[in-house]
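Participant: Residue numbers (my numbering), protein chains in the order written: chain A, 28 to 370; chain B, 28 to 370; chain C, 28 to 370; chain D, 28 to 370.
Derived by calculation from the structure, the hints in this document are not laboratory data. Some clues are possibly wrong.
It does not matter which identical chain is meant; a pair holds if it fits inside one copy or across any two.
Unchecked claim - Here are the simulated DSS-like pairs of lysine-lysine, each with C-alpha atoms no more than 25 Å apart in a straight line:
1. Lys185 - Lys97
2. Lys115 - Lys40
3. Lys293 - Lys40
4. Lys97 - Lys248
5. Lys232 - Lys127
6. Lys59 - Lys185
7. Lys93 - Lys49
8. Lys40 - Lys97
9. Lys115 - Lys248
10. Lys59 - Lys45
11. Lys97 - Lys115
12. Lys189 - Lys40
13. Lys228 - Lys149
14. Lys228 - Lys127
15. Lys40 - Lys149
16. Lys338 - Lys45
17. Lys45 - Lys248
18. Lys189 - Lys248
19. Lys228 - Lys49
20. Lys127 - Lys40
21. Lys232 - Lys33
22. Lys49 - Lys59
23. Lys33 - Lys97
24. Lys248 - Lys40
25. Lys185 - Lys45
Protein chains: 4
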Amino acid sequence: MIVVLKNGAPSQKVDELKARLKARGLDLHESKGADVTILGLIGDTSRIQPEELLANDIVESAQRVKAPYKQASRSFHPADTVIAVLSKSGAAGASIGDGKTCAVMAGPCSVESEAQVVEVAKAVRASGARFLRGGAFKPRTSPYSFQGLGADGLELLKIARKETGLPIVTELMAINQIPLFADVDIIQIGARNMQNFDLLKEVGKLSNPILLKRGLSATVKEFLMSAEYIMASGNENVILCERGIRTFDNYTRNCLDLSIVPYLKKETHLPVIIDPSHACGIRWMVPTLAKAAVAVGADGLIIEVHNNPEKALCDGEQSLTPAQFADLMGVLSQYAAVEGRTL
Amino acid sequence: MIVVLKNGAPSQKVDELKARLKARGLDLHESKGADVTILGLIGDTSRIQPEELLANDIVESAQRVKAPYKQASRSFHPADTVIAVLSKSGAAGASIGDGKTCAVMAGPCSVESEAQVVEVAKAVRASGARFLRGGAFKPRTSPYSFQGLGADGLELLKIARKETGLPIVTELMAINQIPLFADVDIIQIGARNMQNFDLLKEVGKLSNPILLKRGLSATVKEFLMSAEYIMASGNENVILCERGIRTFDNYTRNCLDLSIVPYLKKETHLPVIIDPSHACGIRWMVPTLAKAAVAVGADGLIIEVHNNPEKALCDGEQSLTPAQFADLMGVLSQYAAVEGRTL
Amino acid sequence: MIVVLKNGAPSQKVDELKARLKARGLDLHESKGADVTILGLIGDTSRIQPEELLANDIVESAQRVKAPYKQASRSFHPADTVIAVLSKSGAAGASIGDGKTCAVMAGPCSVESEAQVVEVAKAVRASGARFLRGGAFKPRTSPYSFQGLGADGLELLKIARKETGLPIVTELMAINQIPLFADVDIIQIGARNMQNFDLLKEVGKLSNPILLKRGLSATVKEFLMSAEYIMASGNENVILCERGIRTFDNYTRNCLDLSIVPYLKKETHLPVIIDPSHACGIRWMVPTLAKAAVAVGADGLIIEVHNNPEKALCDGEQSLTPAQFADLMGVLSQYAAVEGRTL
Amino acid sequence: MIVVLKNGAPSQKVDELKARLKARGLDLHESKGADVTILGLIGDTSRIQPEELLANDIVESAQRVKAPYKQASRSFHPADTVIAVLSKSGAAGASIGDGKTCAVMAGPCSVESEAQVVEVAKAVRASGARFLRGGAFKPRTSPYSFQGLGADGLELLKIARKETGLPIVTELMAINQIPLFADVDIIQIGARNMQNFDLLKEVGKLSNPILLKRGLSATVKEFLMSAEYIMASGNENVILCERGIRTFDNYTRNCLDLSIVPYLKKETHLPVIIDPSHACGIRWMVPTLAKAAVAVGADGLIIEVHNNPEKALCDGEQSLTPAQFADLMGVLSQYAAVEGRTL
């Protein structure tokens, strides 16, 4: 961290600050210029926030040189993290983050009935999806909207898993639901809970892979710090998911920020996937964004598919039909092939 | 809700849609123009999201006429909600939302020690604060930052309450902490938990007043829907708090959105307070923003005060000293007087 | 346009409003519900802004059904606009918007010398670029930054055009520079001038194709309204260019909004191209974003290439070397092939 | 400027970089730590952009210590700039930026007729306004909206000035209109032209005070750099105007960023005024925001007043009636008095 002191800072206050920093285990490298004095802080600065130094009136600015995350950083862990998921029911499964595949997760926004989820599961499996996604606990802006089937929905997902062998991905919303999720293949933490720090700490104690969605206005740094929360608690199996951010425009529900894929692949060793369905919120746009996600090197995709979108209890406007999904998978294979990948 | 159908929508699909809407208990008012057909939905549309109608290919657009919240709406509850808080230790207290006062809550970002919190509590009380604020459970971006004293911090707050009579305001971060908060005068839900819906439902079952902070990129509608979650669960004592939003610029930590005060006072009957400290994150700017908050008609203020900001474990850069706070209270009284209010 | 009147609006004021709207040549379709009265405005509503109706206290809301642009709208002009550019020096050229090609424009941010621009032009032509881009008049945030070679720069571009046959694309910043641009193949209007309406009107009187860049925080609607300004003045040869928008994060200079490509292709008949260089501002990320741009169906790309980026007078941090550009073109061909296109 | 070099940068490349920086007239202060090497650049760094240094692969980061603006900076010019305007018609006038007054500019969005502008001018003068505002050249999003009366509108403003003695403030949109503005008391540059650099350079050659509006998504730094453009061309009479910024929400047209007032008063010596009318775009909210503007220490206000808002050709929804304006001025006087100011 580089700390710039104000011109004319009293030497007594400078000495106090230096003593305080040394007491926190840091070495200091001081550099006096004509106008400014610069302190270079050497050592583990992850416990110090630049902002707290600004509480001191003699500090002009403070800036990190190294990232504030450690376990999530590629400089700390150069090799790609590969998350291999074998379906807990036995059969199928897939790796995420191996650089050779782009794993597609597909299924309905909400689990509505056994017939619905099994039908969709079979269809997406037939088209090449590697995971079944489906919501049992649903975060909804309105208390009057359908809130999901809850524990019953989880059971229906497990039935669909048994029928198809597809591992399941589903969202956990609160700590007290954790016991119900022991058997879930990949646990999703939603965008609105990305900085629910208590929840992050708790899923950090599990061994299930965690699919962490980026908050609607989370910076990349905050996103990685939330992954760091999970990893610092012991769970290194974190999958990062971009699902659109909030901007000044609303012609799509959110703005899919595809640049984050190459950036994250450089900055962290964790797998990165894309959710085009929630990003745009418009059915006909999903395939186009999915192709772009493959082009930027995403390690996977999570796509909403519903057997009857017009009657869906949630997010029907962005769900593909099974037929549309099958067509899309054909095209995505060709894009993946350009990069030497398979779906 | 007004639903515009696409030009040339097949009459069979239109009929199906109309039947489905009627089956949900709505009356329809149909209006056919040259180019478009418009359906007016009459009745309780709070359970229908405009987006779900867009899943139907014949729907061009869908727009609410009435707000999607009910209990939080001033049209539903015209009179101001006034929250009267008597300190649970006996003595002092204050009303929030009575239109005659602007209640100031003050104290340290984090509770650090008994000496610290008692000293600050006495100082802010002497200057006219009506509540003691202080964090025991702290939401921090980094897992390596100080996370608060937790349950011990709550006990220290209660000691300070006993010494001064000031009711206490402190943040709850997770459902499993609720038993510890029974005795807390006002429970704060932080910005990052504004859409932690499970938490909202649980605090909706309590009788303690809830201070709900606006999320960093929450729209006004989302903010009120989160209040609605609490109210729909049974707790009508909700205080709304604007604490700065995220924009494209970062010359201040967040951008204090003062326009929300007059807007909310018109749209809802709930009290609205302002947190200038977290909004700007800069000590010297806090007094200026506090004055503006009084000018726009805020029902209260929540301000960070620390006896030694340079050594604070959290957010020292935005904390006033007790002396600065005393000065500020003098000026704020004059502003309140212009509007016929007292602090 | 749909106008919702307030509950209980006095009939006299309603009648006045209706008379005023009829006087503007509109037919009205009135629909009275239990709670609200709705006026459907039929006819050419492009001259009415919803906001102006809100000046009337009896109006609750006003919403467009049809787009506020006409000439730019695909519903007005269903066939794709194809802009065929033959280099004014004779030789090469390309079409933009024909659905079969993805035309690449490449060259330095700023024209610095004859040797530089000719060398780069030859290199990009050899790699398959169809146009030479280069800045002579440069919009710079600081008055102390290099402002471009101006008219001399234009002459150097023309020399490079003569040497290579590549048509040239360069930015016009002010009306008084127009005479210098008569001979320019494609005139660029920069992001910061997207709502410089006087400039738009003037380039609307020219016959040169206009490459219009999206403003840093322009909505899609505003972007198309600026195209409409040009078209309404008589010039229908407008190419739309997405170059990154401003968000809350700054890990890239701007956020490339790729969703705009499919959206614009549906909403307008005008060609749409992508500038990945200015969007991210990071050299190593440009190729990844360029691939995604082809995947979403862009009609072209504009990419910065410099023979010595480290010594560039402007934006060297985002320029590819000629060798990097050659590699990229190889990969882009494969992506274009998936969609049945060529570069 | 502080330049951090990458770990392991080859010494030859480091030497080349250092030589290049020295050749640009800078002194270097080098500091080698265990992990990083830091170069402190000493001298006039206003001509160097941090971004251009990033074009060099050995540079990790580059950060300014001093502001990139000079003439606009308070450190360069500590005393407040006071702009004294005597009406060119003789009579009245006012100072802006003297710290003792808060000058109110008022009038219609658009000049529509002699009767209209004279009536409004007399009314606002009677209520205590010091300047008459009114638009003759209007920047409109749509080419089909009323574009203002142009040169004729300027003449009508001058008639109103003659009748009332109020100096006039009106917007200039293009360089070729400058001759018409010689006689205008304060020339406004609109938000959409804040980075129309050619226009800024030209008004920098005039002696009329320039009211520069902040762009809709301009950072504070960009705003001051645009003021610097004007000052660097020779015109030091710049008044900065905040008029609302674009965010993710749209419950008001824009978000009035009041924090910018104290920030700018610290960072620059130029006067700062507030436009509450364009910021919120809602008539009933204007008075509340105007009070807050006085509370944060604005040097002035610019407020829309129309004698018949419901029939206004532009922005009627945000215009006060003369009676509402008179009431507001009474309240604002009380707010100004708290700070020892007069209107």
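Participant: What are the numbers of the hints the structure violates, in ascending order?
Facilitator: 1, 2, 5, 6, 8, 9, 11, 12, 13, 14, 15, 17, 18, 19, 20, 21, 24, 25
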